[in-house]
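Fit chain W to the given chain R structure using the hints.
Now for the letters of each chain:
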Amino acid sequence: MPIALLKFPSDLLREVFKLCEPFELYKLSKCSKRAQRSKKLGGPKNWKIRFSSRRHVIICVDDSNYSFEQTKNPNEYFKIEYSRMCIEFPNGEAVDMFVYLLETFGIRTVESLGCDYGNFHDFSKIARFLIGRNMEIESFWIGAMKYDAFMPLMNQMNITKDFTSFFKFPSDFRLQLTKYPNKICIYYSFWYNIGQLLECTCVRIELLGSKMRNRDLNVFLKKWKKRGTFPNLRLLKVDGNNIDDRSPILGSKPPIKNVDNPTIRVSFGNEEIDDAIRVMKADGTVGWLNVKLGDVPTLKFLVANPTDTVVKDLAEDEDLEDDW
Amino acid sequence: MSSTEQGTSSAAPAEPTTAPESAAAPEVPESFYYVHGKDKVVHKVSAGALQHSALIHGMISNLGYTEEQAKANPFPFENIDGDILQMVVDWCNQHKGKPTPPEDTNLPKQKEKLFDLVLAVNYLEIKELLTYCCKQVAMMVKGKSPEEIREIWMIPTDAEDEAAEKEAKKRAGKEAAGETAAAAGDAK
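Sequences listed follow chains R and W, in order.
Going left to right, the first sequence walks through residues 1 to 324 as UniProt numbering numbers them.
Going left to right, the second sequence walks through residues 1 to 188 as UniProt numbering numbers them.
If we strip away everything but chain W, and leave its shape as in the complex, we get:
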């Protein structure tokens, strides 16, 4: 995502939800930015909290937005579900200006959202949270048998992989045939 894309976002921002602030009072007035996910709900986040995300930090570091400009141009993350982005924003706020302790009790624990959370955190380049999430994924199979691992990590059997591969080839063949027929029709 480039700064141009975010600057031209035409989505009318919903009323921002202010995430809980860190207990430590900032010494200087903080700047805030706005982000939204697939659900268009805009989150107001301080620049300090956003520093956890290498992606967003890189985007905002040279913008020099005023408060009004920032509010008018929320960063759109259309590939991230709203509830997932909320989790990420909460985590960034809780860890504003401080490193994550090894045993972090404030980390997201919703396992049913873990897959999407990992993808989002990876996309936003939040290194510490990514390590934690990946550790959660790794721990899911600790002490499990291969059959249990296959279920937990949804690993298809060889037969299922072969069937899927055949199906994909068949589909590709049909598409190629369709394109050839279309091209022949165009030529006529």
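Isolated chain R (complex conformation):
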């Protein structure tokens, strides 16, 4: 039995749209221009969008993902399988699809944007669009690609949570973001020097394949110990072959670990550090440091916060297990 949906008052339309899945709303938007405009009443749902491949664009809401996948076969249009729906991209372009979804769903946040060898053409158009609107990009990652034309775009993007790079930047490259996100994770980070690290305001810093030496890390940690420095920092992880046992870091030569009580585990969230030594900042904040040598020498430094950090004696757990 048909029902004249668009004759509902707008608050009722919002209620109905809130209960529809994104695929149905997308199909509704294809019914007419008025239907597409009505869809914008979709309400306060926290829609986000992801782009990492020219073949699909993903919408995320309430921990669910909905992938809009390109097909050129009309027989497949609007076919839904699990959380994927095949559709024809407007003008055959991923960027047009991305913009259509942004506007139709009133999306204001990009959950994840990826730039890789296969999608660079679309990525650059999307990035320019997002920069023009100063849209928030929560996570941005760069794949192991050859082009470097994304670099000027990257510097203008509003990345807020996470920056991950697999790209081999030139040795003299300097990361210049409008603002540091909460986390950076850089593979092939040989170009990321102590000067850049000292300027970094991130909560989590992971530098893999670093060229930093003991003395660089010593400079960083000594600065951290001073009052008021690196107020956001919770985790620093650096691995690289230049970390060795020749010179000290905070007065100790690596390996650096807690030998007095080697069963202490400090953790918060998904991060944990074992056998670390205690490092005290001038303001009383406690940090935990561990430096391992071996195949991949690694420094791990975790800053404790009484509200979420757990310090656990693993020996006690083992005793308990023995009792069982």
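Treat the hints as calculated values from the structure; they're not laboratory data.
Just so you know, not all the hints are guaranteed correct.
Said to hold, decoys possible - When the alpha-carbon atoms are kept at most 30 Å apart in a straight line, the in silico DSBU-like pairs for lysine-lysine are as follows:
id	chain 1	residue 1	chain 2	residue 2
1	W	Lys144	R	Lys79
2	R	Lys292	R	Lys225
3	W	Lys144	R	Lys30
4	W	Lys170	R	Lys18
5	W	Lys38	W	Lys135
6	R	Lys48	W	Lys113
7	R	Lys7	W	Lys142
8	W	Lys142	R	Lys30
9	R	Lys45	W	Lys166
10	W	Lys144	R	Lys18
11	W	Lys166	R	Lys33
12	W	Lys135	R	Lys30
13	W	Lys144	R	Lys45
14	W	Lys174	R	Lys18
To be verified - Reference listing, derived: stretches of chain W covered by chain R, where coverage requires no fewer than 3 residues with Cβ under 8 Å from a Cβ of chain R:
id	stretch
15	120-133
16	148-155
None of the values given here were measured: they were computed from a predicted structure.
C-beta: ideal position from N, C-alpha, C; glycine also.
Chain W in isolation, oriented as in the chain R frame:
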């Protein structure tokens, strides 16, 4: 609707139809109120059942009517069809004093009445029933193509919308011209 409007209703109430009561016996004597829709058929409903409607609950909470006063002053809902109001009253009675379970089998299923039911429930501010009804509306198009959605939700095509818009403009123009002519006539 204000309490004044309902208090001055001049419609002679028909003999009230007593809706089925909840199985649970009330511990204290319950107060009852009376409502009627477009068809003027008056329904006797307990205050407990009416609590589902934020609109009616707000209206009755400060009235302090006696049984006689309540009977003499049924709440008139002239914008709601009688059969729709009956459905709503039935639902309120079935769910008196208890929350709606997620899979409620006692909810109205008449799809041909869904449009009017949604409007009525929205007007009466019955949140749980509204959510259920809206879910029913949303489910109507699950897995359908845009063409099917257009039919189910009666969505006009762009061409039909444009034609309707032109027609509305034309009508508005004629009305404006008529008003101008009338005003000119009055001036003379």
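Status of the hints after comparison with the structure:
1. Lys144(W) <-> Lys79(R): This hinted pair holds, its Cα atoms lying about 9 Å apart.
2. Lys292(R) <-> Lys225(R): Since the Cα atoms of Lys292(R) and Lys225(R) sit roughly 21 Å apart, the hinted pair holds (cutoff 30 Å).
3. Lys144(W) <-> Lys30(R): Between Lys144(W) and Lys30(R) the Cα gap is close to 12 Å, so the pair holds against 30 Å.
4. Lys170(W) <-> Lys18(R): 36 Å, violated
5. Lys38(W) <-> Lys135(W): The hint holds at about 26 Å.
6. Lys48(R) <-> Lys113(W): 36 Å, violated
7. Lys7(R) <-> Lys142(W): Status holds; Cα separation ~20 Å.
8. Lys142(W) <-> Lys30(R): Since the Cα atoms of Lys142(W) and Lys30(R) sit roughly 15 Å apart, the hinted pair holds (cutoff 30 Å).
9. Lys45(R) <-> Lys166(W): Given pair Lys45(R), Lys166(W) is violated - Cα atoms ~35 Å apart, limit 30 Å.
10. Lys144(W) <-> Lys18(R): Holds. Lys144(W) to Lys18(R) sits at ~18 Å (cutoff 30 Å).
11. Lys166(W) <-> Lys33(R): 16 Å, holds
12. Lys135(W) <-> Lys30(R): 21 Å, holds
13. Lys144(W) <-> Lys45(R): 23 Å, holds
14. Lys174(W) <-> Lys18(R): With a Cα-Cα distance of about 40 Å, the restraint between Lys174(W) and Lys18(R) is violated, given a limit of 30 Å.
15. 120-133: holds (count 3)
16. 148-155: With 7 residues close enough to chain R, the hint holds.
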